[in-house]
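Peer 1: Note that the protein sequences, when read in sequence, are chains V and R. Position one of the first sequence corresponds to residue 1 (the numbering used here), numbered consecutively onward. Position one of the second sequence corresponds to residue 444 (the numbering used here), numbered consecutively onward.
Read the hints as simulated data drawn from the structure, not as lab findings. Idealized CB from N, CA, C, for every residue including glycine. Zero decoy hints are in this set.
With a straight-line Cα cutoff of 25 Å, these simulated PhoX-like cross-link-like pairs (lysine-lysine) come out:
hint	chain 1	residue 1	chain 2	residue 2
1	V	Lys317	R	Lys532
2	V	Lys440	R	Lys517
3	V	Lys30	R	Lys592
4	V	Lys438	R	Lys517
5	R	Lys593	V	Lys30
6	V	Lys164	V	Lys404
7	R	Lys524	V	Lys438
8	V	Lys317	R	Lys517
9	R	Lys599	V	Lys30
10	R	Lys532	V	Lys438
11	V	Lys440	R	Lys532
12	R	Lys524	V	Lys440
Computed list of chain R residues with no C-beta within reach of chain V, every gap over 10 Å:
hint	residue
13	Asn472
14	Met500
15	Val714
Far from chain R by the CB rule (all over 10 Å, computed), these chain V residues:
hint	residue
16	Ile52
17	Gly56
18	Gly66
19	Lys164
20	Ser166
21	Ser175
22	Leu252
23	Asp342
24	Ser410
25	Phe412
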Amino acid sequence: MATKPDTIYRAFDRKASAIVEFTLRQYRTKTSTWVVLGVGFTALALIFLIYIDVMGSEFESIDNDGDSTDYDNDGYPKGQEIRLGTDPWDSESHPGLFDTPIEPEPASMYINEDDFDWDITSKLGTQTTGIDDDGDCLNSNKTSSQKDTNNNGIPCDIIVEYFKSSDGNVYTFVSADSGVDEDPDEDAYSREAIHLAFVLSIGKLGFVLLLGIFLPLFMATGLIRDEMTSGTMHFMLAKPIARSEVFLYRTLGYLGIVWPYVIVLGILGALISGFVGSGDAFFRFADLGVWMAIIFATMMATLVYGMLFNALGVLWKYGIILAIPFAAWELGMALLSMGAPDAFLLRFSVIGWALMIVDSAAMLVWPNIDLFILMGNWGGGGDGGWSFDSSLEGSAPLDFFSSKPGLGLSPFLGAIIATLVLLFQAIIFWFIGGALFKGKEIQ
Amino acid sequence: MIPDFDQQGRAQTKEWVPEVTAPAILLENVSKSYGRIFALSNITLALNGGVTGVLGMNGAGKSTLFNLLMGKLKPSQGSIKLFGTDPWKNPAPYARVGFVPEHENMYDWMTGHGFVSTFARLNGLTRDEASIEANRVLEFVGLTDVAHKKIGQYSKGMRQRAKIAHALVNDPDLIILDEPLQGCDPLARTTIMNVIRELGRMGRTVLVSSHILQEIERITEQIVILHQGRLLALGNLHSIRERLDKIPHRISIQSDNPKQLAKDVIDIDEVFGISFPDGKNLSIQTHNLGAIHSQLPRIIVDNNHKVSTIDNPDDDLASILGYLTSGGGI
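Hey, can you work out the whole structure from these sequences and the hints?
Peer 2: In structure tokens:
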């Protein structure tokens, strides 16, 4: 037989588990829960369908330097003529007229024939890199000054310069000798870049922003308020339990349904992008680190917003109206963080910190992402690409969605600090919500 | 452990022991106002042990009083103590309190047993203890048969009893019931009244509100009358009744032959006036209701009258209030 409880905090966990369990079971009975979860799932599923479609399509290989074309109609592509030293613009000069005539090579040999081989170690200073794979610089009959168009004394190389301007930002400058890495493999680059951009954009906008705000908006705002409105709060408050405890446990119950949901969706996303994504490997295991960060950041966002929106629900009957300006502010901050991850305003948002976790993980998992974006934006220098933008497809969106974690810290430390800040925000909103609830008269 | 900065007094410690000398309920000069409207004004009241009925018309302040006691509302003035502790500041005393709210909304998706046992765990019981306790109280209120049905399928009386079970699950010393009989069928009414009387016999302090005098009369003799936020009367119902008996009462009888019936009842000494409001009704005026009610059935049966209703239009709260507020006083 049970003994009579005589303290408030006796068996703290018993109360907590009772309210959490009760809240979970209550969510199960509400149609709105299933609608919100279903809409979230559908929205993300649509984005993933687009992603799968893009990954399944062919990226057209482009002859960036234009050396696959036979301009003088002698049957030899420009690249072959340059390599063998004949005049690509003169039909009377071609390798077929040599003492031992050489057969024309297929034009496809001169598409994607000189892909990126950059090896950059440090993030500041001037470096030289790049290899002329197809030999149209090194082996051609150019003069030595023609082989060193960037004037650094090294023939057939690329100068990559990182310099810090007076405003503290790091700028890059790329200057290549003509004919080095001039015809990169679009399909390989774009597939990889679009994959990375998709993972980052789905993670940041789809998960952290969309799920992170809309789940709490529709599910946490009524946690206390609905009970107060219907009068059923009387049953709970007739028990020896502090109101801030009720507030906390109700929020934990909400997390009990939202967190598993986010984790399941995140795992689905990781599986889809792992199998469908670019690369030779059967599964992209490395990306799992980023997906874990996305799931974790979303969980933190739903925690902080859950506390905040629950508190807003306590504050006013129509708390969801109060929550909307917050959601709008956070949307703006999310977009700001893409362009200016160091913006001061971001420190006054939740999403800024949450996205910092994703950015940090992306930095750790894909340490060369900056260089990768740089290569894509340079895109071979556009040597012969009169009809092409020199940037490669995929580099612009990747550039947009990828940003350095703010505060100028190392990625690992940045993620830890962001997590601590988010926890601190959650505790602050819990205290505010608990205090509001405590001062509330309930009819 | 949750820090609770507003908490006062000894309840901060884990070893919260209620003050044994303090009464279960102690209100001192308590007022509750909304703007310039007083829902309760200057109530002073101490209760300990036994069943007390709180009588009042709708809007008299019964629910406000109970919500103040349950810490839902903050008093505008005065102090409220449950077992010596202010309930607005500290929920600790609710370990010894059971509350049946007036609100009709319940968790319809829960079973009766699930409802009682889940909330029992908020008293600090484990899942197993709570289940045992829930079975005990559900049997006490007579809901064992339907304990595992959804509350949504319950009748009004069953719902009220489930609420009472929820309040009793921690074996409280003080039970507060806000209109527990409202909307119940006669059978449920009787069951609930028996439960309340039983609790009184067990030595618990029970506070039960109603706006129907007869209901309270069947439960207890000790009453508190609230009227327009004021404590109008406090004491034994019988002493109030006796004074009430000295003022004229009406008994209204509907009969097929009121004139003949009038001839028969005029012989009762206590009848001092008879009138015929319409063809079917007979109205008797008296100073002593009890005497009339003891003789009336015999007269009707002996003279073979066909009577469809006997009504005491004055024997309700409104007439008591009318009497008390018109300067009678107690």
